[in-house]
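Join these two chains into a complex; the hints should help.
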Amino acid sequence: MRRRRAPGAALASILLAAVCVAADVPTDSVYQLHAQLTTQAARPAGLDLYRGHPALIGMFYGSCPAACPMLITALKVYESRLDESSQARLRVLLVSFDAARDTPAELDRLARLHRSDPARWTFSSAPEADARRIAALLGVSYRRLPGGDFDHSLKITLLDEDGRIVASTTTLVGDRHFLAQLRAATQAQTR
Amino acid sequence: MRRARAGLALAVLLWGGAAGAEDNPYIAVPGAEFRSALPSGGQENVRVRSFLLQRHPVTNEEFLAFVGTHPGWQRGAAPEILAGAGYLGAWAGPLDFGPGAARAQPVTEVSWFAADAYCAAQHARLPDWYEWELAAAASASARDARSDPAWRQQLLDWYARPGGKTLPAIEQRPANLYGLHDLHGLVWEWVRDFSSLLPADADPEKFCGSGALNVQQKENYAVLMRIAMLGSLRAADTGRLVGFRCARDAGAPP
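Chains A and B, in that order, are what the protein sequence lines are.
Here the first sequence is numbered in the numbering used here, starting from 1 and rising by one per residue.
Here the second sequence is numbered in the numbering used here, starting from 1 and rising by one per residue.
Simulated from the structure, these hints should not be mistaken for laboratory data.
Built from N, CA and C at the ideal position, the CB exists for glycine as well.
Any given hint could turn out to be false.
[Stated by the list, open to error] Residues from chain A that keep clear of chain B, each with C-beta distances beyond 10 Å, as calculated:
id, residue
1, A66
2, R81
3, S85
4, S116
5, V140
6, D160
7, L172
8, Q189
[Stated by the list, open to error] Listed next, the stretches of chain B that the computed footprint assigns to chain A, with coverage defined by at least 3 CB atoms under 8 Å from CB atoms of chain A:
id, segment
9, 78 to 84
10, 104 to 117
11, 186 to 197
In isolation and in its complexed conformation, chain B is listed as follows (with noise of 0.2 Å):
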């Protein structure tokens, strides 16, 4: 625990504004027992362990350098069973995210097979849906700032916003408490167990209606659009909003 504290501590030290892959840190977020939006077989909470978690969403810049080192998966490469149709879609090239991605805006448009290989390389994973719902719970004052009305409209109103031409760049809002960002308000995330959110004899048509009745804190719209999104992609799906950042088990090495 201390020695992620450091870890932290150093890790926000070094940060000059730059967006290289060394500058996506893994962040430590403690492990809780939570309240999860999904139904959890019966139990009140679910019980998550401690982990890391990237501090930004994966940039442009950072998603290049992966395809650079592993050609298998520059788009053009990718077999389309793992990467459909619209993988890498807004760069100008394989190997060049042109002029209409900026280097340190969230790499878009990447299958979630893609995005566990990013992982994968980095000697981490993609984040369970229950880990990141409890980072993503968090404002820049209280671990579970959920049931706080100012917090919770200020997730609305930025659920709202209508989408613009070109995504904003990482890290212009603050962080929130583990010193995370953009967990809202600028991207969609893969998480690991994507397909496994709805119960498995769920119809996703019927989610919206009479299948939500399985999912907890009806209140919770923001984080709930999220279940209901993630829930309707298929793993070589590529989204213009879709993005990712990857986690590791608290204890590993890097």
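In isolation and in its complexed conformation, chain A is listed as follows (with noise of 0.2 Å):
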């Protein structure tokens, strides 16, 4: 009898700690969205996996020819616009919808190829009802083109520690209006 309901009353804990993470996230925020990603590093995570610092977000699919190296090169310009305390706080997250062929392998590979800092880059993919779903989120959109390619958008968005889009940009160079939100957004808190 003991034994049985143990179980069930670990489970309820769980679940009720589910509840009351959730009820936290601001009701703007894009945390509220629960999305399956799966890293370079072969582990699950959640969209929010970098709340409590501000980050940028971005889609891509890694066998993409030119316009999403350029989409991360773009993300490495605009970290790089910062000092070094602004990025040492910035996080970068990257959401393959090409869950496919962007195995964690494949994402590994990539981020030693942008050399991106893993302690605060994370290279992910997303299947795709969630890939879709995040991309309505950004405001991304893609379409699977019959070769296997797609056709995107380009779009970096810029996130509050709370998950909620404080700028976005689809100028992957020299966007001053939003760099002065990047650097807003990455100061230390004066309060």
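Right, dumping it as structure tokens:
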């Protein structure tokens, strides 16, 4: 009897904890979406992986010939325009909508290729239904073409510590307004 | 194929006029090579695989059953980033569609996220645009009636009709060849890939001007209106005339 009840109680407290955490997320936060990502370390993660940090998020696919490397380069350029302490606060999340080809091993290869800091950058993929939801949330449009490539828009979105959208840009190089907002969002909190 | 036909016949037999959730069966639509109104990467036709589509748009009664079992999607509980300010705005309360909305009317003022969640709860999904377009090309007697002037005129008459104060109920008009109702003339419907209908670099404001040159079949106004309307929405938006129905892959377990 006792042995049977214990797992139920444990489950109940886990569920309760999940509800409590969810209740903290602001209603206008993208972290309201419960998506299942797989990282380059083959770990499961939520979209809220970097909750507590200002974060840049972008969607891509690994076998993309030109546009996606541009997106990753643009992220690095925006990051490089921050001072060191701001860079240390910033996190970067890339989500592939091509989970079939962007396996953890492939994501890991990309992460190394672009020499991103694994402590602050995550390359991940999402299953199709979740990728659609994330794209809808961020206003990224993409379409799978008959040949297996994707036609997609390029967009970088800046999130605050709680996952609220602060700004976004489709200008991969030199959006000064976006850079100013990125600088402000990654400043040390003075309050 | 034979099983799908048998299922269709059975569903028709079981249809009694009430609009419970079990009365919105998934109807088989055979796959086809299809000339879409959307540009398809230089190809003449797109290939649509066989799929199943719900017989009518999801009704208030059906959606009420869903929010009853999924409290996170009740009005007031759904986060604003997933369901905008007007979400289920015509309903009297979170669990009551009230006198302003009849049970057999299509549910409207639902965001794409809410429609997506409803279908996921049914082990289904929203149809893709090509699927919806293929299903909606059929008249009562032809799989592709789009070049039939009489059918085309009928569509335009429906779209030109001034919007009444209340939406009609579902299935007031004859079904099309597949046995599907209300693909035209009642509500707009979300599709899974609604945000990708326009080219990724298209400016929505230019779509009706120069961008429209990318769209094939310019004479097919009724469908072009739909593409333009869906392309202008964001996923959290809700609209008085925007509803949905769900789809499944053919061969997927129910």
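Results for each hint:
With a least CB separation of 13 Å from chain B, A66(A) remains clear of the 10 Å interface cut-off, as annotated. For R81(A), the condition that its CB be more than 10 Å from all CB atoms of chain B holds, with the nearest at approximately 25 Å. A cut-off of 10 Å between C-beta atoms confirms that S85(A) is not in contact with chain B; the least separation is 30 Å. With a closest Cβ-Cβ approach of about 25 Å to chain B, S116(A) is found to remain outside the 10 Å limit, as its non-interface label requires.
With 10 Å as the threshold on Cβ separation, the claim that V140(A) sits away from chain B is violated: the shortest Cβ distance comes to roughly 8 Å. For D160(A), the shortest C-beta to C-beta distance to chain B comes to about 13 Å, beyond the 10 Å cut-off, and the non-interface label holds. No Cβ of chain B comes within 10 Å of the Cβ of L172(A); the nearest lies about 13 Å off, and the non-interface call holds. A cut-off of 10 Å between C-beta atoms confirms that Q189(A) is not in contact with chain B; the least separation is 23 Å.
Counting residues of the segment 78 to 84 of chain B whose CB lies closer than 8 Å to any CB of chain A gives 4, so the stated coverage by that chain holds, three being the minimum. A stretch counts as covered by a chain when three or more of its residues have a beta carbon under 8 Å from one of that chain; for the segment 104 to 117 of chain B and chain A the count is 3, and the coverage holds. Evaluation of the coverage hint for the segment 186 to 197 of chain B: fulfilled, as 4 residues show C-beta separations to chain A shorter than 8 Å, against a requirement of three.
This entry does not satisfy hint 5, going by the numbered hints stated previously; all others are met.
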